[in-house]
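> Sequence:
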Amino acid sequence: MPLRIVFMGTAELARASLRALLAPDLFNVVAVVTQPDRPKGRDLKPQPSVVKTTALEAGLQVLQPEKARNPEFVSSLAELKPEVIVVAAYGQILPPSILELPKFGCVNVHASLLPKYRGAAPIQWAIIDNESETGVTIMRMAAGLDTGDILTTKATPIGPDETGEELHDRLALLGAELLVNTLPEYCSGAIQPIPQDNAAATYARKITREDGRLDWSLPALVLRNRLRAFTPWPGAYAELSIRGKPRTVKFSRATVVPSLGQPGQILQADRNGVVIACGADALRFEQFQLEGGRKMTAAEFIAGHPLF
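Residue numbers for the sequence shown follow our numbering, beginning at 1 and rising by one.
Simulated from the structure, these hints should not be mistaken for lab results. On a predicted model such as this, the values are computed, not experimentally measured, just so you know. In this text, a Cβ means the ideal position worked out from N, Cα and C, and glycines have one as well. Among the clues, some could well be false.
[Said to hold, decoys possible] Have a look at the derived ranges for each label pair, beta carbon to beta carbon:
1. 159 with 193: 29 to 37 Å
2. 294 with 199: 46 to 54 Å
3. 198 with 44: 37 to 45 Å
4. 304 with 267: 19 to 27 Å
5. 246 with 198: 40 to 48 Å
From just these sequences and the hints, can you work out the full model?
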């Protein structure tokens with residue numbers, strides 16, 4: 001009999017896992033739980049999550065509790081009689097009443113090699129920290145923040161130029177593949193959960209828009225990693241003096257170049273890029289975007305926006 005599953009997810013990372021679970025011979029997804037529709041766009045109209053859209057396209061029942069710990073929601077979840085609840089980028093902490101509900105518990109897809117990078121933004125912080133490797137972990141959830149026992153892991157190298165967006169998309173697919181391979185073996189008893197080494201744990205806090213602001217006193221490599229990590233959001237940005245007035249500029253595509261200069265000093269500005277000195281070395285930026293504007297090459301940017 002196919003494994004009876006309730007899937008809980010909201011963000012883009014979760015969509016690949018949901019799609020992978022739609023294989024009818026192995027799994028029976030009886031319902032999908034996602035966050036309520038949230039206002040988005042300039043008109044702030046409520047928009048469904050990508051997981052809700054995918055679930056409705058597949059003809060699945062969708063539940064959208066404002067709070068997962070709501071007793072009425074927990075009761076409706078129990079009525080579905082899931083054998084396992086699969087969670088991926090859902091966005092709420094689950095109470096014990098849900099964690100203990102299914103026969104095989106709640107299984108989570110996490111985008112790091114636990115116990116490293118527990119928390120909300122493991123992909124970005126792995127790049128910021130200049131890690132050469134990351135991966136995905138399938139774990140049985142516990143009450144703590146990503147503290148549950150490990151079922152399986154899969155490692156992958158981080159490319160030297162890979163952005164947060166690119167790594168996110170790869171890990172979403174890697175996690176989905178590992179999930180569907182892990183669930184049958186775990187539920188059959190072939191996999192024994194392994195407790196995490198809490199002493200080795202690190203945390204990946206939530207990213208804010210302010211994290212994208214570049215501090216020129218930091219080394220160029222550090223800033224380049226932040227630019228990679230924060231693509232597409234919140235982006236890497238700073239204020240430049242354009243025609244004598246400060247303007248916020250978002251940067252894309254940068255390379256580290258050896259240089260001596262005062263942090264924040266513009267060392268070169270031509271069609272090949274804008275070179276700005278950092279705490280160590282400098283960065284050559286090749287793509288620019290003013291607030292509310294389109295992306296421009298260095299030649300386009302310099303032609304229309306004289307720098308001081």
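> Hints the structure violates: just list their numbers, smallest first.
The structure breaks none of the hints.
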